[in-house]
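Chemist: Sequence:
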Amino acid sequence: MLIEGPVEITLPDGGVVRSDRFMAAVCLCGRSARYPWCDTSHRRRPPRSRRGAGPE
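Heads up: the sequence shown begins at 1 in full-length UniProt numbering, then just goes up one per residue.
The hints are simulated quantities; they were obtained by calculation from the structure and are not laboratory data.
Ideal placement from N, C-alpha and C gives every residue a C-beta, glycine not left out.
Be careful, since some hints might not be right.
Distance windows between CB atoms, simulated [said to hold, decoys possible]: (1) Ser41 with Pro12: 16 to 22 Å; (2) Pro46 with Glu4: 29 to 35 Å; (3) Arg44 with Gly14: 16 to 22 Å; (4) Phe22 with Arg43: 19 to 25 Å; (5) Leu11 with Thr40: 19 to 25 Å.
When you get a sec, could you build the whole thing from the sequences and use the hints?
Modeler: Okay, structure coming up:
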């Protein structure tokens, strides 16, 4: 998720991280080695099943 910066994020453990960038990418998949910031780890995840995507 891209959000306009600068931004402060409060982590579940109470810690606070800050980005002074004009745009910050926040990890939503939980795979980032730089959590809570996105490092594009989600791109290495296998594609989802297309089950339920519609008629073939």
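Chemist: Given the range 19 to 25 Å, decide if the beta-carbon distance of Phe22 to Arg43 lies inside it.
Modeler: 23 Å, holds
Chemist: Quick check on a hinted range of 16 to 22 Å for Arg44 and Gly14, using CB atoms only.
Modeler: 30 Å, violated
Chemist: Note whether the CB distance of Ser41 and Pro12 lies within 16 to 22 Å or breaks it.
Modeler: Because 19 Å falls inside the window, the suggested range holds.
Chemist: Given a hinted range of 19 to 25 Å, is it respected by the beta-carbon distance of Leu11 and Thr40?
Modeler: Once the Cβ atoms are compared, 20 Å apart, the range 19 to 25 Å for Thr40 and Leu11 holds.
Chemist: Take the C-beta atom of Pro46 and the C-beta atom of Glu4, compute their distance, and say whether it sits inside 29 to 35 Å.
Modeler: 32 Å, holds
Hint 3 alone, counting from the list given before, is not met by this structure.
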